[in-house]
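Participant: Sequential numbering of the sequence shown, starting at 1, is according to this note's numbering.
Among these hints, one or two may not hold up.
Here are the computed distance ranges between Cβ atoms for each label pair [unchecked claim]: (1) 94 x 24: 23 to 33 Å; (2) 52 x 102: 50 to 60 Å; (3) 85 x 41: 37 to 47 Å; (4) 43 x 22: 16 to 26 Å; (5) 37 x 102: 39 to 49 Å; (6) 82 x 50: 40 to 50 Å.
None of these hints come from the bench; they were simulated from the model. Note that beta-carbon positions come from the ideal geometry of N, C-alpha and C, so glycine has one too.
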Amino acid sequence: VGGTGLNLTAASHVVLYDRWWNPAVEDQARDRVWRIGQTKTVICHRLVCPGTVDERVEEVVQGKRRIADMVLPKSSSLGDLDAEQLMSALGIDQDALLAADPDDILDDSPTGAGK
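Please construct the entire structure, taking both the sequences and the accompanying hints into account.
Facilitator: Next comes the structure, spelled out in C-alpha coordinates:
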(Lines of atoms letter the chains of each structure in order from A; the text may use other names.)
(Lines give C-alpha, C1' and ligand atoms only; values in the text may rest on other atoms or scores of the structure.)
Protein backbone atom coordinates (compact mmCIF):
# COMPACT_ATOMS: atom_id res chain seq x y z
CA VAL A 1 0.00 0.00 0.00
CA GLY A 2 1.46 3.36 -0.91
CA GLY A 3 0.56 6.99 -0.76
CA THR A 4 1.42 9.85 1.51
CA GLY A 5 -0.77 10.26 4.56
CA LEU A 6 -2.78 7.11 3.94
CA ASN A 7 -4.65 5.95 7.05
CA LEU A 8 -6.33 2.56 7.16
CA THR A 9 -7.76 2.52 10.69
CA ALA A 10 -10.84 0.58 9.55
CA ALA A 11 -8.57 -2.46 9.13
CA SER A 12 -7.15 -4.55 11.95
CA HIS A 13 -4.89 -6.99 10.04
CA VAL A 14 -1.79 -6.21 7.98
CA VAL A 15 -0.44 -8.91 5.67
CA LEU A 16 3.15 -8.48 4.51
CA TYR A 17 3.53 -10.96 1.66
CA ASP A 18 6.16 -9.18 -0.44
CA ARG A 19 8.94 -8.63 2.10
CA TRP A 20 11.24 -5.60 2.06
CA TRP A 21 14.91 -5.61 3.02
CA ASN A 22 14.32 -2.39 4.95
CA PRO A 23 12.37 -2.90 8.20
CA ALA A 24 11.28 0.76 8.21
CA VAL A 25 9.19 0.14 5.08
CA GLU A 26 7.35 -2.70 6.79
CA ASP A 27 6.91 -0.59 9.93
CA GLN A 28 5.33 2.15 7.82
CA ALA A 29 2.91 -0.35 6.24
CA ARG A 30 1.89 -1.58 9.70
CA ASP A 31 1.63 1.94 11.04
CA ARG A 32 -0.89 2.90 8.34
CA VAL A 33 -3.33 0.70 10.24
CA TRP A 34 -2.02 1.27 13.78
CA ARG A 35 -2.73 5.02 14.06
CA ILE A 36 -4.49 7.43 16.37
CA GLY A 37 -8.17 6.58 16.13
CA GLN A 38 -7.58 2.83 15.82
CA THR A 39 -9.91 1.09 18.26
CA LYS A 40 -9.07 -2.53 17.40
CA THR A 41 -6.04 -4.68 18.12
CA VAL A 42 -3.77 -4.63 15.06
CA ILE A 43 -2.24 -7.94 13.99
CA CYS A 44 0.64 -8.00 11.50
CA HIS A 45 1.10 -11.21 9.50
CA ARG A 46 4.46 -11.79 7.80
CA LEU A 47 4.35 -14.54 5.21
CA VAL A 48 7.63 -16.46 5.07
CA CYS A 49 7.77 -19.56 2.87
CA PRO A 50 10.23 -22.23 4.08
CA GLY A 51 13.10 -23.00 1.72
CA THR A 52 12.81 -19.72 -0.19
CA VAL A 53 14.62 -16.38 -0.24
CA ASP A 54 11.90 -15.19 2.17
CA GLU A 55 13.76 -16.95 4.99
CA ARG A 56 16.96 -15.04 4.20
CA VAL A 57 15.08 -11.73 3.95
CA GLU A 58 13.53 -12.43 7.36
CA GLU A 59 16.99 -13.10 8.88
CA VAL A 60 18.42 -9.88 7.43
CA VAL A 61 15.42 -7.78 8.50
CA GLN A 62 15.54 -9.14 12.05
CA GLY A 63 19.31 -8.47 12.17
CA LYS A 64 18.72 -4.88 11.11
CA ARG A 65 16.03 -4.51 13.78
CA ARG A 66 18.44 -5.79 16.45
CA ILE A 67 21.10 -3.31 15.36
CA ALA A 68 18.61 -0.42 15.43
CA ASP A 69 17.44 -1.49 18.90
CA MET A 70 21.05 -1.44 20.16
CA VAL A 71 21.74 2.01 18.70
CA LEU A 72 18.52 3.81 19.58
CA PRO A 73 16.81 3.57 22.95
CA LYS A 74 13.30 2.17 23.14
CA SER A 75 11.36 5.16 21.89
CA SER A 76 8.51 5.73 19.49
CA SER A 77 10.52 8.29 17.50
CA LEU A 78 13.66 10.38 17.45
CA GLY A 79 11.49 13.29 18.58
CA ASP A 80 11.06 11.52 21.93
CA LEU A 81 14.80 11.56 22.64
CA ASP A 82 16.34 14.22 24.84
CA ALA A 83 19.49 16.01 23.67
CA GLU A 84 21.85 13.64 25.51
CA GLN A 85 20.19 10.51 24.07
CA LEU A 86 20.24 11.96 20.54
CA MET A 87 23.93 12.90 20.77
CA SER A 88 24.73 9.42 22.08
CA ALA A 89 22.77 7.76 19.26
CA LEU A 90 24.61 9.90 16.68
CA GLY A 91 28.02 9.33 18.32
CA ILE A 92 28.52 13.00 19.17
CA ASP A 93 30.92 13.75 22.02
CA GLN A 94 29.62 17.01 23.51
CA ASP A 95 32.84 17.78 25.42
CA ALA A 96 35.00 17.31 22.32
CA LEU A 97 32.59 19.39 20.27
CA LEU A 98 32.65 22.27 22.77
CA ALA A 99 36.47 22.16 23.01
CA ALA A 100 37.02 22.09 19.23
CA ASP A 101 38.10 25.04 17.12
CA PRO A 102 34.96 26.38 15.35
CA ASP A 103 36.89 26.61 12.06
CA ASP A 104 37.65 22.88 12.26
CA ILE A 105 33.99 22.05 12.92
CA LEU A 106 32.81 24.02 9.89
CA ASP A 107 35.58 22.73 7.61
CA ASP A 108 34.11 20.14 5.23
CA SER A 109 37.38 18.46 4.24
CA PRO A 110 37.80 14.81 5.38
CA THR A 111 40.73 15.61 7.69
CA GLY A 112 39.48 18.94 8.98
CA ALA A 113 42.59 20.64 7.61
CA GLY A 114 41.38 21.91 4.27
CA LYS A 115 42.08 25.60 4.90
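Participant: Does the beta carbon distance between residue 52 and residue 102 stay inside 50 to 60 Å, or does it fall outside?
Facilitator: holds, 55 Å
Participant: For the range 23 to 33 Å, tell me whether the beta carbons of residue 94 and residue 24 fit it or not.
Facilitator: With Cβ atoms ~28 Å apart, the hint holds.
Participant: If you check the beta carbons of residue 43 and residue 22, does the distance land in 16 to 26 Å?
Facilitator: holds, 22 Å
Participant: Has the hinted range 40 to 50 Å been met by the Cβ atoms of residue 82 and residue 50?
Facilitator: holds, 44 Å
Participant: Taking the Cβ atom of residue 85 and the Cβ atom of residue 41, is their distance within the range 37 to 47 Å?
Facilitator: violated, 30 Å
Participant: Starting from the hint 39 to 49 Å, judge whether the C-beta atoms of residue 37 and residue 102 obey it.
Facilitator: Check passed, 47 Å falls within 39 to 49 Å.
Checked against the numbered hints above, the structure breaks only hint 3 and satisfies the rest.
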